[in-house]
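A.B. asks: Okay, here's what each chain looks like letter by letter:
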Amino acid sequence: NAGVTQTPKFQVLKTGQSMTLQCAQDMNHNSMYWYRQDPGMGLRLIYYSASEGTTDKGEVPNGYNVSRLNKREFSLRLESAAPSQTSVYFCASITSGRFGEQFFGPGTRLTVL
Amino acid sequence: GQQLNQSPQSMFIQEGEDVSMNCTSSSIFNTWLWYKQEPGEGPVLLIALYKAGELTSNGRLTAQFGITRKDSFLNISASIPSDVGIYFCAGQLRGTASKLTFGTGTRLQVTL
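Chains as they are written, first to last, in our numbering: chain A, 1 to 113; chain B, 114 to 225.
Simulated from the structure, these hints should not be mistaken for lab results. All of these numbers come straight from a predicted model, not from anything done at the bench. Quick reminder that beta carbons are idealized off the backbone N, C-alpha and C, glycines included. A few of these clues could be false.
Said to hold, decoys possible - Taking lysine-lysine and the DSBU-like style, the derived pairs with C-alpha atoms no more than 30 Å apart in a straight line are:
no.	chain 1	residue 1	chain 2	residue 2
1	A	Lys9	A	Lys71
2	A	Lys57	A	Lys9
3	A	Lys14	A	Lys57
4	A	Lys57	B	Lys183
5	A	Lys57	B	Lys164
6	A	Lys71	A	Lys57
To be verified - Covered stretches of chain B, going by a simulated chain A footprint (3 or more residues, C-beta under 8 Å):
no.	segment
7	132-138
8	155-166
With the rest of the complex left out, here is chain B:
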């Protein structure tokens, strides 16, 4: 099936550092979303992007919908311990109404 290449797979950073992760695909997406999952919980939506080039922020999080419609990135500024979790990108392929394709996740660890 269609896959999203998400990188990096894991990150170990110190509190206060900025974080950047991205997703790429060979296919064109209509929508890009970023989710965060904490242990024992379901994914929670962080940011949704609907237009190529769109840059959207949610507090310390900023995400962009790539101009080619084939990629997206998520930045977290000034990380804090509660940022720990797995971050997933997800995309809705053109012509596949309502269905999402998920990346394999970036596991973020924040040390004090």
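Pulled out of the complex, with its shape left as it was, chain A reads as follows:
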């Protein structure tokens, strides 16, 4: 069991470039989440998918799009990266019935120049 995996681990972009962050989980979890973590601000929810086929905005969705490709995979896309999107991005998943016990991936450290 790999748990929650994320790729890439590090990425540097120039302003205006696009990229997709990949996330996959092998725990048969229903719900998946994307967070960003900035210094001194904890984790903030960008988008989540409560179940396959559904996605909803979180606290800070502007500048991002998501795709729940199947039950295992949930990707986050930056269409036109901005320096304000420099952050560490975490994907998480949870099975139904255990509210809150989210399992996190190792993170993607993104720098936008």
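Go by the hints and put chain B onto chain A.
C.D. replies: Frame of chain A, contents of chain B only:
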């Protein structure tokens, strides 16, 4: 957005000391969780609390779900060097199924 007030922001303690940190909010939470994050890693769940007044232990860690449902605390007894990291509280607000709100973290440093 909804915020959890977590304190203290950082702690510098000696090995063997006990540690206490807490989270408070003006809103009612259904679930309280405590996570630990080490450098370069994602948060790892330490303790989950589901009922007001619940007191749960995980080794040297003990956490409680406040009676008012608006706060929680985490205690670490007899700290050791591997306790170093950032500790986050997180709560699931009533009526927001599956979504968590995170505190800003307590950075713990342990000296020998």
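A.B. asks: Take the hints in turn and mark each one as holding or not.
C.D. replies: Here is how each hint holds up against the structure:
1. A:Lys9 - A:Lys71: Roughly 22 Å between the alpha carbons, so the hint for Lys9 (chain A) and Lys71 (chain A) holds.
2. A:Lys57 - A:Lys9: 24 Å, holds
3. A:Lys14 - A:Lys57: Roughly 25 Å between the alpha carbons, so the hint for Lys14 (chain A) and Lys57 (chain A) holds.
4. A:Lys57 - B:Lys183: 25 Å, holds
5. A:Lys57 - B:Lys164: Between Lys57 (chain A) and Lys164 (chain B) the Cα gap is close to 28 Å, so the pair holds against 30 Å.
6. A:Lys71 - A:Lys57: 18 Å, holds
7. 132-138: With 0 residues closer than 8 Å to chain A, the segment 132-138 of chain B misses the three-residue bar; violated.
8. 155-166: Answer holds; 6 residues pass the 8 Å Cβ test.
In this structure, only the earlier hint numbered 7 is contradicted, and the remaining ones agree with it.
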